[in-house]
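Colleague: Each chain is listed here by its residues.
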Amino acid sequence: MDVLDAIMGRRSIRRYKSNPVDDAKIKTVLEAAHWAPSWGNKQCWRFIVVRDQETRSKIADTLMKIRVENELVENAAARGIRQAPVLIVVCAEKGQAGFRSDGTPVTDKGDVWYMFDVALAVENLALAAHSVGLGTVIVGGFDTTRVEEILGVPDGYRVVTMTPLGVPDHAGQVSPRKDLAEVTYHEKFGR
Amino acid sequence: MELFEAIKNRRSIRVYTADPVDDAKIEAILEAGRWAPSWANTQCWRFIVVRDPEVKARVADTLFKVVLPDKVIENRATAIINSAPVLIVVCAVTGVSGGKLGGGEFEFLTDKGDWFMFDTALAVQNMVLAAHGLGLGTVIIGTADAPRVEKVLGVPEGNRVVAMFPVGVPAREGKVPPRKELSEIVFKDRWGG
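For the record, the sequence lines run as chains A and B. Heads up: the first sequence is residues 1 to 191, going by the numbering used here. Heads up: the second sequence is residues 1001 to 1193, going by the numbering used here.
Because the hints were derived from the structure by calculation, they are not lab data.
Listed below are the simulated DSS-like cross-link pairs for lysine-lysine, each with C-alpha atoms no more than 30 Å apart in a straight line: (1) B:1180 to A:94; (2) B:1112 to B:1151; (3) A:58 to B:1100; (4) B:1188 to A:42; (5) A:42 to A:109; (6) A:188 to B:1025; (7) B:1008 to A:94; (8) A:17 to B:1188; (9) A:27 to B:1188; (10) A:25 to B:1180; (11) B:1065 to A:109; (12) B:1175 to A:109; (13) B:1188 to A:65; (14) B:1008 to A:25; (15) B:1151 to A:109; (16) B:1071 to A:109; (17) A:42 to B:1071.
Anything over 10 Å on all C-beta distances counts as not near chain B; from chain A, calculated: (18) 15; (19) 18; (20) 19; (21) 20; (22) 22; (23) 24; (24) 57; (25) 61; (26) 82; (27) 83; (28) 85; (29) 95; (30) 167; (31) 169; (32) 170.
No experiment lies behind these values; they were computed from the predicted model shown. For every residue, glycine included, the Cβ atom is placed at its ideal position computed from N, Cα and C.
Let the sequences and hints guide you as you build the complete structure.
Modeller: Here is the structure:
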């Protein structure tokens, strides 16, 4: 698939078929993620491939509910996590991206460059999945501490995000984008 | 260009030719950024396209110097920015990404607080891939004194400069930084598994 077609055609997928996803495809999307650039080539990302249904279900339970007209409803992504045969949980090693070798942060962003670097990899992953016919939805709204407990993530690492990986059961909707003119300026902010 | 070719062969480019880059190509790159997913579709990213050599030089001057045991030298990315015809500065509107889902008063949902670093990076990755697909080079730069960049570019309160990347015709091929083995970074079903 052409790179621009992948970028424009990827959608967030929240309903999945039960079709299996083989290890070769998972390896393909993880390799794509791993080819992302990173701060000082630190590659702070780590991936946990969760196939075990019980673990996936426990993790789905950690997603925060969404308020709809004064009622708390389950995030549609939680259903997606239970449906899709694979869940990729993306973690980061702390103290790497954005840090000098003496352990001090370089910029005013402090220690959160791991959020940036992980996202570079996650975007590659989402594009690669789309091009091999698999859907993803990037999920951030969950109880991180509980997920870290479930997966045994040690100190020094953080769970950042996760996505189900499976055959889409719907086309996905196009989230309307702001016009390019609304988000682009020339030479100065606002111009 | 085929997606996997773009992903695997994109390199950080640190030497550019003097060739110009036309607006249509810059727009195609920005368009790719705009199609990134974002937290509840909040699209917190804002892009400033800098072509004016003087403005570009002032931004390049904010990059942190490198402190060596006996001297302080210019960050090599400063010269890289000055040598490329275009610099794209990526900003974020703060206080929109990472919010509670479903409306109501704004409140961060997770222990990560603001997700602007994450969302802007999704867009940046699309842009560097698109640039590579168009035959253009980029290198993502984070080591800038962002508050100074914000002054130079008139970025108002509530917005932050996150990162920047020059765009130009590569003068030579970038090198392949070694990657960890997949087995070092991928686990099954639980950490270490």
